[in-house]
Structure formats: structure tokens, C-alpha cells
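There are 2 protein chains.
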Amino acid sequence: MKISLLLTGNELMSGDTVDSNSAYIARSLKDLGLVPYIKKVVGDDLPLLVSSIQELSQMTDVLIINGGLGPTVDDLTSVALSQAINSPITRNVDAYAKLDEWATRRGFVMTESNLKQTDLPAVCEIIDNPKGSAVGFRCIANDCLIMCTPGVPSELKPMVENHLLPLIRDHGNIVAKSHITRLRLFGITESGLQDTVNEVFPDWPAEVELGFRVQLPVIEVKFATVGDEFMALNHLWTEKFEAHFRDYVIGRDSIRLSQALNDALRDHSLVLTTAESCTGGQIAAAITSEAGSSSVFEAGYVVYSNRMKQQSLGVSEALLAEHGAVSKAVVIAMAEGAIEKSAADIAVSISGIAGPDGGTDEKPVGVVWMAWGKAGKITARKFFLPMGRIGFQRTATALAMDLVRREVLGLPTDIDYFSELKKKR
Amino acid sequence: MKISLLLTGNELMSGDTVDSNSAYIARSLKDLGLVPYIKKVVGDDLPLLVSSIQELSQMTDVLIINGGLGPTVDDLTSVALSQAINSPITRNVDAYAKLDEWATRRGFVMTESNLKQTDLPAVCEIIDNPKGSAVGFRCIANDCLIMCTPGVPSELKPMVENHLLPLIRDHGNIVAKSHITRLRLFGITESGLQDTVNEVFPDWPAEVELGFRVQLPVIEVKFATVGDEFMALNHLWTEKFEAHFRDYVIGRDSIRLSQALNDALRDHSLVLTTAESCTGGQIAAAITSEAGSSSVFEAGYVVYSNRMKQQSLGVSEALLAEHGAVSKAVVIAMAEGAIEKSAADIAVSISGIAGPDGGTDEKPVGVVWMAWGKAGKITARKFFLPMGRIGFQRTATALAMDLVRREVLGLPTDIDYFSELKKKR
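First to last, the protein sequences are chains L and V.
Following our numbering, the numbering of the first sequence begins with 1 at its first residue and continues without gaps.
Following our numbering, the numbering of the second sequence begins with 1 at its first residue and continues without gaps.
Any given hint might turn out to be false.
Here are the simulated lysine-lysine pairs, DSBU-like style, with alpha carbons at most 30 Å apart [to be verified]:
| no. | chain 1 | residue 1 | chain 2 | residue 2 |
| --- | --- | --- | --- | --- |
| 1 | L | 328 | V | 341 |
| 2 | V | 116 | L | 222 |
| 3 | V | 157 | L | 341 |
| 4 | V | 328 | V | 382 |
| 5 | L | 363 | V | 131 |
| 6 | V | 116 | V | 157 |
| 7 | V | 116 | L | 374 |
| 8 | V | 98 | L | 382 |
Rather than coming from a laboratory, the hints here were simulated on the basis of the structure.
Construct the entire structure; sequences and hints are all you get.
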């Protein structure tokens, strides 16, 4: 069954309003196993509304029109539908009764503007709107179920739940349901994932539709099947995928990397401390953005200058002079110092050149050293992230969190981040 | 001139993603005095993409296609355009060169998936994408300027500013030039601004169109005029507005609050330090997200526990016991301690209850104390920000930065944030 959406309103064209109604309708349709086929958005333009209604009602089985039901002159849905399906405007008795009741209950006197909301194409039946003065209305034309709905989200939502979904189910004789599973991964690119899936799973079943969505810094992978009979297949292939990409999967649904790290620390009863130079507190900020982080985090050090690396963390002047602030020796000393000063169980430290200035031939902008681990057992790694200051800081923060997560969970910390997985395996 | 938008991606149809790109494009088009005529949104469906491109390119003068440029099999824009305008797919030399450079710079090896992004309809020229691997591309077909753009917002935005608007201006011979001035304000609400403008400037000229856009934590106010003859009027009324709201204006164009604070500190040759409890490093992270922050920031302390407030900042146990961690006395001691430990010129400290847990009747979730100033001259203020953990941390971070900015610039720090300005004046 094909479903189309027609959204109307000048505010949607000017960019003053971001359309969230259509996303709400789409998410609701998932319960019926349906995904809209096409959406069209037009301003308050009568000829364009008329032609759009004609086109969409011929092209699809259900047309949901959203917006344009209000009392003002720029609310054109009723007139446009009347012209598109060639059904004259008349005063709808049911709509009038509803409006009368609505006005009486609130002690309002109906105005001409209000009454306009009861003038509907003759073939239409109303759809109840418990939340507002404008009823919805519906008809069947070109074998298409056409439903007109209010643009105000608080009025739209109960109408979708209580009326639209049952009407669509009846119209389409729908029984099949869709199942969606979601995984989130860090440390692999979209193209790396796609290439690996093609190579490793040549027999991936067509019934399990794979979708990728970049939600920086993670990637969300969606596994969708339609019909209860494919639910087991969905679970089976989600598990195969998860097993293959095990190292990269941070969790299900909408888990954040900072949340996965908090969970890992909490599960292992570990308290983390951070010693940050180039990320300037972003690692600490990300960890403490999660509720309950006080049980896994007590202290963080932002040490931008060499002087502060010495004073706050006890990094020796000699070490800084010999190796420079961006070096393996210094990040290890920073991590050891942070554990000693804070009495935390585990530390992560970072020092690099975020740019735009400060790079040298030997240590160009984008070079960063990270160290992590428990006292006396600190590991360090170097990365090169030449992606601008903002991208550098964000990526370095994410990598640092992931390295600690891996360390805590006993996963390898020497993986090739963001390169194609298949080359590695 | 008629403009159409075609947005593509299954995630836009399923409701998983709310389309904000088209609103961004529409707001940008306002600078040329243009409003899109029609928007269409379709999934990753080749026949539907092809017919939509044909329909919209025949119906309008400019067609902006957004999404579907990525490396995966569900990215169909290039193939769809090729079929719609009957121009065969070939490997585009310029696109290849850009991708090669992009990959080399990052030390990536190009895969087959990546290379797919360089296969474009033969008639197309590329549109540069400084932010990502997928170039945009354009051609003219059916007398329509067709431009294909990436779905990732951070890649789309510079492409719109730098390439799409000039291309559209050239294509449409747009001469009536619009002049746009932008101010950014912090600490006042959109409705507070609107009400004050209505009251203070009853004679605001119709030629200077005022637009407000919330860009948390700041508000952007846009002054738009069309035609060179109104440029002076634009400047005059922008200045009147700026003079009236002087305390709240942090700067012009797209200045960030963190940038305004960096500028103020640099202009006064001051080094700042931060002592953060409930914001967990967000203030330090925001300040150091700005290039060149090392000249105004050396050290920050994230002190989540009472123990660390004592150890890192020398806050006395007695003070903590007497007043509690969220108190005027403790934030003042934190600020004094941070200056002493780091030898900075000025400090800001913060301690509050971010929630969701940890609130009491006396100090509910949302209560926060902040202190700022130079050694021996610390001022403190209490705020109540009951807006959820994320909103609390963001707002507290912004308020802390603004208070230091005001202190440095000699502006009042006792203003009523976010209440209507007119009540205050």
C-alpha cells in the first residue's frame, strides 16, 4: 500500500518552521508496517494544492494532508480538495455541531472565520478533533483515502492515534507488522561497513533491510523486516552482524558513547580521571553529561600550558624539555599524575595539536597522543586527525572515551580506527 | 524565479530523521529574496527519484537536490539524475581529484565505495565540498539549474553559502540586492525582544525586516532590506537596535559566546581559570574550542566530589560541612583556590545540582551557585535552572561565560537574565 503526505503552509516553505509532523506521522505508520512513499510540501497556493492533491491521490492509496484547516484566508485545504475531487463546498452538519459544542463549552461566540471551518467538500465525512476547533475530514477519491488533518502538533497526534491509523488499517486490510532493531557502532566508517557487509555476508537476506545513519561520532545501523514471519530472521541476522562487528558495537538503540563508557566503568566499579590538554575539558564534559556520572568520575584536569602540566599533575620539567608536551612520555606521565593526585582507579590523558596554529614539520596540526590505564599499567597511542580544530577535538574526545571503554571491557585497543575492517581481518 | 527542493533518503520517510536541511536552505534563500515554491521528499527509490527530478526540473527554474551522495548502495542521486536528464554516468576527473586529495590528506585508501562518489552524469560539473568526501554537482537541464548537495548538515551549510547562492544569483540574474546585518544576543528571550521592539520602536520602518532565530544559547537578530537604496536605513536601525540592547549584544554575524569571551579576555590581557563541579568541564571545553585560547586559558579544574574540592582547590572541610558544596561560600572558595593554584588573573567557579538525582527540599535540582572575579574580589550569584540535566549544564555554562565576559568588559553582572527587558528599564 502506498501512502503520500501533503504538507501545506507558507511557514514550511520559508524555513521559519521545521516540519516535525511528517516525521511523527511516519513513526506512527511503522506500527502498521508502513513507510510513506512520497511527501510533498507546498505553500498556501491554491492551484499548486489542487494539482498536488490530484497527483498524489492518483499515485497512492492513502493521502494524508496536513495543515491549512484554520480559520484564516490562507487556510485553503477544504477549497483545494473541493476543486481537486470536484465536490462542491457545503456546510457540513457534523462539523457545525462539533464546532458549536466546542464554542459553547468554552463560552465563545462563533465568528464568520470559525464557521468557515465547517464548510467542507460535500462528499467528506468529519474526523473528530478532541483538542481543537478544526475537525479533520476525509473522503475517497481516485480510489485513494484522503484525510485532512490539523497542522497544530497537539491536535494532530491524538487524531493520528485514534482515527488515522484505524482508517488506514481498514482501507488497506493490513495485517503485517514491521520489526526494527538498531545497533550503534564507533570506530568504523559508513563505507567501511558497507564494503565489509558486501564481502562477509554475500547471502544477506533481502527481507532484512539494512540502513545506515551517521550520528557523529557513532553510526547507527538499522535492521528492518516487515511481517511477523520475518521477526526471527531479523534477530538472527542482527546477531550475526553484531558478532562480526563485535569490537565496534557500543550498544543497542540510541546509546551514546559517553553512556557506554559510564556503563562500563560502573559495571566494573572503576573511577576514572581525565588529564586533558588539547581537548580542553571535552572528555570530562562528555562523561559528566550523563546522569549518575558522579559514581564513576570525581576529578578532571585541564592542563593547557606546560607549567600547569607540572604543577597540577607533577609532570617533570625535564621530561617536557626532552620530549615536548605532545609525546608518549608526557601523556603517560600525565595519566600517572592524574591517578596519583585524584586517587582514581584509571586515567585517560591527551596532548596534541588542535590547530589552526602550533604545528611544526615534526608535529603537524592534527597530531595527538593519548594514554590510558591503571597506575603502572598505562598504554599510549598516537593518532593523526587533520580535520580542523572542531573535528579534531570531537574525534579525539570520542577516541579517548572509546579506548577507555575498550580497556575496561577487555577489548583490543590497537584496532585500526576508521580504516576498512576487511583489510584488518 | 521558481525554486524546488527534492530531499531524498529513507530516513526522511521513516520519521527517523526530521528534515532541517530544507529549512536551512529556505532561510538562506531569503537573502536573495526567494522562497521555495515546492518541496518533495522521497526515499531511496530510483524510479521515483527519476520522475521527481523530471517533474521538478520542468516545473521550476532551480532544483536543489539534497541527500543521496554517499558511498553506499542506497545513495542514488547521481544515477537518478543521469537517467532523468539522459546523460551517461562517467568518472568525473575533478571529483576524482578532490576525493584523491581528501583521502591522501587523511591517509585513507580509497575503496570501491568511495570511488562510486566520483561517478557522475557526464554533463555535470562539481561543486566543491571542503568538509567531506562527497563533492556536490550541478548541470542545467530543461532550462533548470539542478544542484545536488550532501545530506550531512555540516557539509551542506558551507556549500549553500559559498556556492549555491552565487550560482542561483547568476542563473536568475538577480540584481535587487538584499542587505543583511546580523547581531547576536545572549540573556534575553525571543518574546522579550519582540515585545521590547514593539514598545520602544513603534516607528520601526517596514523596509527593515526584522527576523529572530534562536541559536541556543544565543539569539540571532537579522536586519534585512532589499535594494541598495535602503542600505543606509538598514545600518541606521541596526545601530539603534544595538544601542538599546547594548548589554545583551555579544557581537555581529555568527559570533559564539565562547568566542566573545575569548576576545574580551585577550583584549584585556587576562588569563582565566575554571573550577567546575556540576558542569563537569563544559566551561573549559567551550573556551578551549576557540582557536588561540591558549593565550587566555591555561588550567581548569573539574572537581566533582567534596574530596577533590579540598584537594585540588584547597576548599576547607569545615566550609563544606557548614554550607554544603552548593553554596555561596564554597563557590567563592573554589574561585579563590583556582586562582591561587593556577596563578590565573581571573576565575569562574560553579557548583549546583544538575539532577536528575541529588536534590533536596532546601536545594532542589536546578539550583546552582556561580562565582567569578579576580583574587580578593570575587562576586557570587545563585540561579535556578530547572530544565533537565542537559539544559541545566548548557545554560549554566553559557551564564558563567557571559558573567565573566561582562566582568571583563565592565558591564553589569546583576541583570535579570531571560526576563523581559522592558520591565527592567
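Worksheet item: If you draw a straight line from the CA of residue 328(V) to the CA of residue 382(V), is it 30 Å or shorter?
Response: Since the Cα atoms of residue 328(V) and residue 382(V) sit roughly 8 Å apart, the hinted pair holds (cutoff 30 Å).
Worksheet item: Given the proposed pairing of residue 116(V) with residue 157(V), does the C-alpha separation stay at or below 30 Å?
Response: The hint holds at about 23 Å.
Worksheet item: Straight-line Cα separation of residue 328(L) and residue 341(V) no greater than 30 Å?
Response: Holds: residue 328(L) and residue 341(V) sit about 26 Å apart, inside 30 Å.
Practice prompt. Please work out if residue 363(L) and residue 131(V) have their alpha carbons no farther apart than 30 Å.
Written response: 23 Å, holds
Worksheet item: Within 30 Å, alpha carbon to alpha carbon, are residue 98(V) and residue 382(L)?
Response: The hint holds at about 27 Å.
Worksheet item: Regarding the pair residue 116(V) and residue 222(L), is the alpha-carbon distance no greater than 30 Å?
Response: Answer holds: residue 116(V) to residue 222(L) is near 23 Å, not above 30 Å.
Discussion item. Check the hint pairing residue 157(V) with residue 341(L) against an upper bound of 30 Å on the C-alpha distance.
Written reply: 44 Å, violated
Discussion item. Please verify whether residue 116(V) and residue 374(L) have alpha carbons no more than 30 Å apart.
Written reply: Between residue 116(V) and residue 374(L) the Cα gap is close to 45 Å, so the pair fails against 30 Å, i.e. violated.
Hint violations for this structure: numbers 3, 7, all remaining hints satisfied.
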